[in-house]
Structure formats: structure tokens, C-alpha cells
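Work out the full structure: start from the sequences and follow the hints.
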Amino acid sequence: MLHTKVVDIKEKKLSIKEAENFISSSDFGASIFFSGTVRNQNNDKSVVGITYDSHDELVIKSFEEIFNESDKKLSVKNKAVFIEHAKGYLNLGEISIIIAVACKHRDEAYVLSRYIIEEIKKRSPIWKKEHYSDNESNWLKGNPILHEKI
Amino acid sequence: MKITLELFGSSRDFSNKDHLEFEIPNECSIKDFRKVLSNFIDENFEGNAVFKKIIDSSAFCSEKNEIISDNYKIQKKQKIGIIPPIGGG
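Chains as they are written, first to last, in the numbering used here: chain H, 1 to 150; chain A, 1001 to 1089.
Simulated from the structure, these hints should not be mistaken for lab results. Be aware that a few hints might be false.
[Stated by the list, open to error] Calculated pairs, DSSO-like style, for lysine-lysine (alpha carbon to alpha carbon, straight line, at most 27 Å): (1) 10(H) to 104(H); (2) 141(H) to 13(H); (3) 122(H) to 1031(A); (4) 17(H) to 104(H); (5) 1076(A) to 61(H); (6) 121(H) to 1076(A); (7) 141(H) to 1076(A); (8) 1035(A) to 5(H); (9) 77(H) to 121(H); (10) 1052(A) to 5(H); (11) 1079(A) to 141(H); (12) 129(H) to 1079(A); (13) 10(H) to 1035(A); (14) 45(H) to 1052(A); (15) 1031(A) to 1017(A); (16) 1035(A) to 1064(A); (17) 1017(A) to 1079(A); (18) 72(H) to 45(H).
Structure (C-alpha cells):
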């Protein structure tokens, strides 16, 4: 069971409660909620906010691939996964990503949650532009996307 | 033929719009299209080295949302996307 979305922050904020509602089931004994938030410092610069940019279709495709691959790579068959990523301007402390997973047991829930965020970092086309207290802003360097090419 | 290049991430600094349009030869490869883009930077941004580095380090995606290699030939009037190095979360 999978829910994925790229959320335009002008329309709504990401909600842990929505994630909880999606993954809740008596089939599962372990739930993990991961959220990423905007922090106030990076590379010795005072950050006041981040603009997130996204190639929405490719991002959703990558979320689905990561979910499907986890069946084989992690052998976690029975699971509920909720992934939402924000796009647009976020202030300090606002949530940029929620990954909520529910599995039968805690070991597989921890492994699955970590696997999803690490793969998103490598494979999902999302970009950050940091805004600083001196009114400067900068796109973060990032890493070349890892993906099969045709 | 005319193609539309959708801009994402740091490549958004190439234009005030969310895309650029280019006239390219039929069956232009992505490798050759990088040269077209590099010429665009020479002409419009005095060869800005940061922008050229973005072009060199970017991937490209097709209208069908597939990441395409440097050998991929752009065969019809279409929209492609430039995918600079990523870093979400």
C-alpha cells in the first residue's frame, strides 16, 4: 500500500496526521515517522528558508520504483508507505518531507524507512535553493542523478 | 526542428521563464544538444563558467519522463527536461 505526492506548499502543508491516517492498520505492529525540516544553518551560513523545486512526474516515478524495489531488496512484502515531498518556499522548521512506514515488526520498519530516504536522496529529482539572512540565495550543489538511461 | 527545454533546479537561472526554446537539427543527440546549450550560455551569459558546469553535470529526460543518455537522438519536435545534480529531502 503506497501513497505518494509532491505537495505545492501554496496549497497545503505536509501533515504527520495524514501520514498516520494512511498507514494505520491492525495488520502492522511497527510504525516509523521520518520528517525532514528546514534548519537554520548550513555551511556556516545563516539560513532563513529554502525553496524546493521538483520534476513532479519523475519524482513520483522514483518513489514508486523505490517502493517496488524494496519488496525484492529488503524482503519487506507486507507494508504501508506514505511519502510526500514539499515544493515551493519553506520557512525554518517547516516540513519538507514525510516518510511514514508501517510493517509487521520494528526491524523491517527501521530498515525500510532508512532505505527510502537514502534512495530519494540519490534518485529523486528535487532541488534546494537556500535563502540566507544577508538576502543572498544559492542553489545547493547536489549529486548527479543515479538512474538507468535509455 | 524546434524543441522546448524545461528548466529545473539551478538551470532555472538560465531564464526568467520556466523553459527555453531551441532550433536544432533533426536527430540531434543529447551530446550535441549540450553544445547548443553551451553556445547559448556564451551568447547570453558571456560564457558563465558556473552555468557551463551545470550543463556538463546535468542529465536530461524525455517527454516520457525517462532519463536519456548522451547518445539519445531527439527525433521529433518535443519537450525535454534538464536535470541538474539533485539533492532533496
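Problem - Unsatisfied constraints (hint numbers, rising) - result: 1, 6, 7, 8, 10, 13, 18
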